[in-house]
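Chains B and F, in that order, are what the protein sequence lines are. Counting along the first sequence from 1, when you hit position 37 you're at 36 in numbering that gives the first Met the number 0, and nothing is skipped either side. Counting along the second sequence from 1, when you hit position 192 you're at 191 in numbering that gives the first Met the number 0, and nothing is skipped either side.
Derived by calculation from the structure, the hints in this document are not laboratory data. One or more of the hints may lead you astray.
Copies of the same chain look alike in the list, so a pair counts if it fits in one copy or across any two.
[As the list claims (entries may be wrong)] Derived lysine to aspartate or glutamate pairs resembling DMTMM-like cross-links, with alpha carbons at most 25 Å apart: (1) Lys268 with Asp279; (2) Lys112 with Asp285; (3) Lys87 with Asp285; (4) Lys268 with Glu65; (5) Lys268 with Asp140; (6) Lys268 with Asp228; (7) Lys268 with Asp256; (8) Lys199 with Asp305; (9) Lys87 with Asp114; (10) Lys112 with Asp305; (11) Lys87 with Glu336; (12) Lys199 with Glu182; (13) Lys112 with Asp34; (14) Lys112 with Asp279.
Protein chains: 2
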Amino acid sequence: MTTINRQWRLRARPVGMPTAETWEFAETPVPAPGDGQVVARACWLSVDPYMRGRISAGPSYARPVEPGEVMQGGGVGVVVASRNPALKRGDIVESMAWGWQDYATLDPRGTRKVDPALGPMRHALGLLGMPGLTAYFAFLDVGAPRVGDVVVVSSASGAVGQVVGQIANLMGCRAIAIAGGAEKLAWCRELGYDAAIDYKAGTLREQLAAATPAGVDVYFDNTAGPIFDAVMERINLRARIVQCGTIDTYNRPGQPDVGLRHHRHMLVKRARWQGFLFTDYVHRTDEGLERLSAWLREGRLRYREDIVDGIERMPEALLRVLSGANFGKQLVRVSPEP
Amino acid sequence: MTTINRQWRLRARPVGMPTAETWEFAETPVPAPGDGQVVARACWLSVDPYMRGRISAGPSYARPVEPGEVMQGGGVGVVVASRNPALKRGDIVESMAWGWQDYATLDPRGTRKVDPALGPMRHALGLLGMPGLTAYFAFLDVGAPRVGDVVVVSSASGAVGQVVGQIANLMGCRAIAIAGGAEKLAWCRELGYDAAIDYKAGTLREQLAAATPAGVDVYFDNTAGPIFDAVMERINLRARIVQCGTIDTYNRPGQPDVGLRHHRHMLVKRARWQGFLFTDYVHRTDEGLERLSAWLREGRLRYREDIVDGIERMPEALLRVLSGANFGKQLVRVSPEP
Chain B
0 MTTINRQWRL
10 RARPVGMPTA
20 ETWEFAETPV
30 PAPGDGQVVA
40 RACWLSVDPY
50 MRGRISAGPS
60 YARPVEPGEV
70 MQGGGVGVVV
80 ASRNPALKRG
90 DIVESMAWGW
100 QDYATLDPRG
110 TRKVDPALGP
120 MRHALGLLGM
130 PGLTAYFAFL
140 DVGAPRVGDV
150 VVVSSASGAV
160 GQVVGQIANL
170 MGCRAIAIAG
180 GAEKLAWCRE
190 LGYDAAIDYK
200 AGTLREQLAA
210 ATPAGVDVYF
220 DNTAGPIFDA
230 VMERINLRAR
240 IVQCGTIDTY
250 NRPGQPDVGL
260 RHHRHMLVKR
270 ARWQGFLFTD
280 YVHRTDEGLE
290 RLSAWLREGR
300 LRYREDIVDG
310 IERMPEALLR
320 VLSGANFGKQ
330 LVRVSPEP
Chain F
0 MTTINRQWRL
10 RARPVGMPTA
20 ETWEFAETPV
30 PAPGDGQVVA
40 RACWLSVDPY
50 MRGRISAGPS
60 YARPVEPGEV
70 MQGGGVGVVV
80 ASRNPALKRG
90 DIVESMAWGW
100 QDYATLDPRG
110 TRKVDPALGP
120 MRHALGLLGM
130 PGLTAYFAFL
140 DVGAPRVGDV
150 VVVSSASGAV
160 GQVVGQIANL
170 MGCRAIAIAG
180 GAEKLAWCRE
190 LGYDAAIDYK
200 AGTLREQLAA
210 ATPAGVDVYF
220 DNTAGPIFDA
230 VMERINLRAR
240 IVQCGTIDTY
250 NRPGQPDVGL
260 RHHRHMLVKR
270 ARWQGFLFTD
280 YVHRTDEGLE
290 RLSAWLREGR
300 LRYREDIVDG
310 IERMPEALLR
320 VLSGANFGKQ
330 LVRVSPEP
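Generate the whole structure from the sequences, applying the supplied hints.
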């Protein structure tokens, strides 16, 4: 086991798309836990679209990373030192406040002990973690699906989207995927999506019209931008729109997001458009995990992960996600599982 | 009593703002009721922003008026001939399907017998009719106000807005009016709005910031457009946005509505934005009228109307509404009350 703690720190806020120069790699000693804390060794680090927001200065739902600070992010790993009576050496823990580093010093608050019986450890960052729980609560609570609803999901093969499509199926809905490229489309169909639409083909509106002859009842949006506009054209009376991600709005160098406005359409369709953040549902984690892990055990949920090896490749992995090059939930393998 | 029926018919669909040439005045014989119908003489006709939508060809929530047809609109008046056992000569009736004419032939469905004890007959088109009921249900059901909420209302002195502000006060909210010009602002303050903002002053954002230091919890929007954008900047976590009208989007000659997009903000604030149409609440009319008329009797609601005399001035009255020149609920007095 290494005795140094490798970290990625923010070097400077990027304008537009981040680059390899946005972060710098550093080495520090492995920390010791303070009272109530544990220190844990990362096996897997998570890479998620929200990270782009954390390196912008603008106000968002969380404090941004300051230049010089360790980059924020979630991870799962093994407790190596504990001053928290509820956690002992060898326990598996997950935290959204891990940071891009080998060794995290974790406060009790926000640290979740992971039950290895529920599934592979890395799922604590995906299907059985924030993305899976986001899919579960955002779709069921905010999307409010009914049997027979037509559900459209953007970024449909992504960390959240692939779970939404499968839950939609389990709920008796007709699920339509929007994703980029033949390989992702094929995977969406394999997952049980009733139709899959390629936003890169240049015929998004036509494909949508063909796939949703009866309109759209629930739109689970992970992108915003032109994909959003195309789906809005097809919403039904009392449609529900879940704003779960806005990856299309990232990486614009400072300019405001200008485009089609949907006020009239919202009124005419009496649609409901609502923002979602898992933060508001953390207290219902156990409820969601129970359901998701049961479906996983029963073989009713599958989950695709895109694995990059080595902490030194964290920036590269995030750029994959921001450009849509990843295929499934993006993870970085940092050290062997125990 | 006249024995001819004067009517306004749509001559041609306008491009942009309608003009006097948009409609043509015609005279026809007074009709006789068919089985189950009544014929009623208009005392008051209603003029509302939605009428602009009805003369566009584009899809909306209702069938548009075709050129040559009588212009659609609501009215209240006196039954002069009845073949409906539930209504007799002399009864006061209100209908959204009156049309711009002296004499309407009314089907049982959609015809409401008005109880003169509830308030002045003309209120059946305003405070105790569609606009008042819209304010009541849209604000309470969709806006979901809580005591202490900051509520911003656009078109705050209009047919709907003035009721929303007063109900917000009755519910223990802090109500902020947006209206145009000193006279309307003064009236809003008189109604009990805690602050009033002049959108014509060119300092909308600054005025909003000063009036809502603690942000905005409910935005009751009647305008869309730049006013909407300015309020969105100030919404609080879990804000509710009621899309009740979109008067700023009317009268644009065919071009798409392009402007600031709010996807990221919707997500970060976990806001809920929902369209409202009274159609969905017609079955709760009695419930709303009971409450509104009780408040009126108790002196807790006031209602300002803008009255134009003579059916020949219907187009002029609508242009007043579309340009914001009206002050309060726009009505046209067509014939004396019985």
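Alpha-carbon proximity between Lys112 and Asp279, which holds within one copy, between copies, both or neither at 25 Å: within (20 Å within a copy, 48 Å between copies)
Status of Asp305 relative to Lys199 across identical chains (alpha carbons, at most 25 Å): within (20 Å within a copy, 54 Å between copies)
Lys87 and Asp285: within-copy, between-copy, both or neither at 25 Å Cα: within (21 Å within a copy, 64 Å between copies)
Up to 25 Å CA-CA - Glu182 versus Lys199, copy category: within (12 Å within a copy, 54 Å between copies)
Intra- versus inter-copy proximity for Asp140 and Lys268 (alpha-carbon distance at most 25 Å): Both. Shortest intra-copy (20 Å) and inter-copy (17 Å) distances satisfy the 25 Å Cα cut-off.
Alpha-carbon proximity context of Lys112 and Asp285, limit 25 Å: within (11 Å within a copy, 55 Å between copies)
Homomeric proximity label, Lys112 with Asp34: Cα distance no greater than 25 Å: Within one copy only: 18 Å inside a chain, 74 Å across chains, cut-off 25 Å.
Intra/inter-copy verdict for Lys87 and Glu336 if alpha-carbon distance must be at most 25 Å: within (16 Å within a copy, 85 Å between copies)
Intra- versus inter-copy proximity for Asp114 and Lys87 (alpha-carbon distance at most 25 Å): For Lys87 and Asp114, only the intra-copy Cα distance (14 Å) is at most 25 Å; the inter-copy one is 75 Å.
Intra/inter-copy verdict for Lys112 and Asp305 if alpha-carbon distance must be at most 25 Å: within (24 Å within a copy, 66 Å between copies)
Intra- versus inter-subunit Cα pairing at 25 Å for Lys268 with Asp279: between (27 Å within a copy, 11 Å between copies)
Within, between, both or neither, where Lys268 and Glu65 count as close if Cα-Cα is 25 Å or less: between (43 Å within a copy, 22 Å between copies)
The structure is consistent with each of the numbered hints, conforming to all of them.
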